[in-house]
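Chain B: place on chain A using the hints.
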Amino acid sequence: MSACTCPSDPDLTHRLIDLTQAGLPLVDDPWAWIAERLGISREQALQLLQQLQRDGAIRRIAAVPNHYRLGYRHNGMTVWDVEDARMDQLGPLVGAQPFVSHCYRRPRRDGWRYNLFAMVHGRSAEDIDRDRQRIRQLLGDACRADDMLVSSRILKKTGLRLNRPAPTDRAQAPSQESSSCSE
Amino acid sequence: MDDLDRRLINRLQHGLPLVPQPWQALANELNSQPQLLRQRVQALLDDGTLTRFGPMFDIERVGGAFTLAALAVPEERFDTVAEQLHAMPEVAHNYRRGHAWNMWFVLACATPDGISASIAHIEQLTGLPVLNLPKEETYHVGLHLPV
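Quick mapping for you: the protein sequence lines, in order, are chains A and B. Residue 1 is where the first sequence starts when you use full-length UniProt numbering, and the numbers rise one by one after that. Residue 1 is where the second sequence starts when you use full-length UniProt numbering, and the numbers rise one by one after that.
Rather than coming from a laboratory, the hints here were simulated on the basis of the structure. Take these hints with a grain of salt, some might be off.
Unchecked claim - With beta-carbon atoms standing in for the labels, derived distance ranges:
1) Gln133(A) <-> Leu4(B): 30 to 38 angstroms
2) Glu83(B) <-> Gly111(A): 44 to 52 angstroms
3) Tyr68(A) <-> Thr138(B): 24 to 32 angstroms
4) Pro107(A) <-> Thr111(B): 32 to 40 angstroms
5) Asp55(A) <-> Asp113(B): 20 to 28 angstroms
6) Met1(B) <-> Arg153(A): 42 to 50 angstroms
7) Asp46(B) <-> Gly71(A): 16 to 24 angstroms
Note that the Cβ used here is the ideal one computed from N, Cα and C, for glycine as well.
Looking at chain A on its own, in the form it has when it is part of the complex (with noise of 0.2 angstroms):
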């Protein structure tokens, strides 16, 4: 076949991106189905797959389940304002309690006075309360002010999909409801 076989072949990978963004189809032999697509052997494609989970490019190849069905009702959005000088400490250390998915450090904006931002989510509202008091401790008296924002509804929840210009002859991805990268 034609396409180049290195894996780090970037319009290779934008290709793999637009095949697959809207989900991979439940088939016996899903890297042969890539394959075919991107006009590259079937080894090549595990071999891309690879490479690119190495790269973190790919975190994993994996379901994405709907938070709420699965009975994790609860989900709020802790901020916390740090004192800057501690964040590089305090940031890895919440990040790494078991009960937090995502965080982050963000800019202060006027009117938004948090910089640290961990998400956590729970079954019930008492779960998510006791998350954010344990990170509390955590923060100690480097943190002066927070906040839990609770989502009371997903109002969109695609997850990330990105428009690039559309190359010809391009092999249309599974019919999906929907396609998510980080979360």
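Just chain B now, with coordinates in the frame of chain A:
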């Protein structure tokens, strides 16, 4: 949802193994059959328990960009603005949250320039200022919801 569904959901949140026969490998692990596992995943997608099955790309590692942003939407306009954002492919997730900043969404674009263009578009569309909070440091990413 039965025991096999639970084990399958827990296992698949960690990802399909990148081996020559991935479904067979999964079936061996779960003491099941590849065809049955795929049927179960399809059923879980169909009933909305799973929202997606496929590669999870780190957008930033492939040249793309994303950000977390928020709007403070007047209550009487909330549904209209939610629909306006829903129609934008750049809006990946959008949640209503209990706060003065009551609408929180993730924007994902193929390029960093796309983010600022999307924000400008939303501000023009809604007449509301966007609170743009791109991450400056990642301390942890790894949602796992055991069932």
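Results of checking the hints against the structure:
no. : hint                                        : result
1   : Gln133(A) <-> Leu4(B): 30 to 38 angstroms   : holds (36 angstroms)
2   : Glu83(B) <-> Gly111(A): 44 to 52 angstroms  : violated (25 angstroms)
3   : Tyr68(A) <-> Thr138(B): 24 to 32 angstroms  : holds (25 angstroms)
4   : Pro107(A) <-> Thr111(B): 32 to 40 angstroms : violated (20 angstroms)
5   : Asp55(A) <-> Asp113(B): 20 to 28 angstroms  : holds (24 angstroms)
6   : Met1(B) <-> Arg153(A): 42 to 50 angstroms   : violated (24 angstroms)
7   : Asp46(B) <-> Gly71(A): 16 to 24 angstroms   : holds (19 angstroms)
In terms of the numbered hints stated before, the structure departs from hints 2, 4, 6, listed from lowest to highest.
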